[in-house]
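Chemist: Full structure from sequences and hints, please.
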Amino acid sequence: MKRTSLLKCDTQTLEHGGFAFKRKRLGTQVGAKGLGASWFELQPGKKAFPAHYHLANEEAIFILEGEGVLRIGPMPGATDQQTVEEPLRAGDYVVFPPGPPGRQVVNKSSGVLRFLAISTMIEPEIAVYPESKKVGFLARGMGMSAVHKDENEVDYYEGEE
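Counting in the numbering used here, the sequence shown runs from 710 upward without gaps.
No lab work stands behind these hints, which were simulated from the structure alone. Bear in mind that the values here come from a model prediction, so they are computed numbers and not experimental data. Every residue gets a Cβ at the ideal spot worked out from N, C-alpha and C, and that includes glycine. Misleading hints may appear alongside valid ones.
With beta-carbon atoms standing in for the labels, derived distance ranges [to be verified]:
id, residue 1, residue 2, range
1, 856, 804, 17 to 27 angstroms
2, 795, 764, 30 to 40 angstroms
3, 773, 794, 17 to 27 angstroms
Under the rule of at most 25 angstroms between Cα atoms (straight-line distance), these lysine-lysine pairs were calculated in the DSS-like manner [stated by the list, open to error]:
id, residue 1, residue 2
4, 817, 733
5, 733, 717
6, 858, 843
Modeler: Below, the structure is given as structure tokens:
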């Protein structure tokens with residue numbers, strides 16, 4: 710079995726507008742197939758990812774250090790797009806079963822927020838982004854992934870005749 714320490718894991722950095730993080734993909738670094746784990750670091754005022762939920766995978770987060778908020782919502786079909794914010798602090802553990810509502814981690818504090826994100830790694834997977842009305846398809850084992858806006862919908866039989 711391959712062993713890799715946290716310090717030897719490659720660090721990814723993403724910066725895109727209000728989204729910015731450092732991440733270490735712990736699970737893939739040690740060859741995990743069915744369980745994903747990533748270490749995240751968010752600077753003040755940044756978000757880790759768009760509000761989303763998964764249709765196949767269960768997720769969890771464990772706050773290691775700092776404070777932030779967990780945005781929850783909106784529910785599918787909701788006309789008000791309302792979200793609720795729950796405080797996150799070191800030691801908090803939150804589990805997200807597959808399905809709605811959407812969730813998003815935001816660092817609204819003045820310090821660094823560090824957390825572990827854990828998930829099952831079921832593929833193929835569909836992720837839903839309720840605020841931006843997008844869906845994402847992921848099947849890494851087949852070398853496929855894509856994100857599409859809701860208004861790009863086509864007829865089931867388009868291009869088949």
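Chemist: Confirm or reject each hint.
Modeler: Against the structure, the hints:
One distance hint, 17 to 27 angstroms for the beta-carbon pair residue 856 and residue 804, holds here, with the actual separation near 25 angstroms. About 23 angstroms separates the C-beta atoms of residue 795 and residue 764, a value inconsistent with the hinted range of 30 to 40 angstroms. The given range of 17 to 27 angstroms is respected by residue 773 and residue 794, whose C-beta atoms sit roughly 20 angstroms from each other. For the given pair, residue 817 sits about 22 angstroms from residue 733 by alpha-carbon distance, which is consistent with the 25 angstroms threshold.
Between residue 733 and residue 717 the alpha-carbon distance is near 10 angstroms, which keeps this suggested pair within the 25 angstroms criterion. The straight-line distance between the Cα atoms of residue 858 and residue 843 is roughly 4 angstroms, inside the 25 angstroms bound, and the hint therefore holds.
In this structure, only the earlier hint numbered 2 is contradicted, and the remaining ones agree with it.
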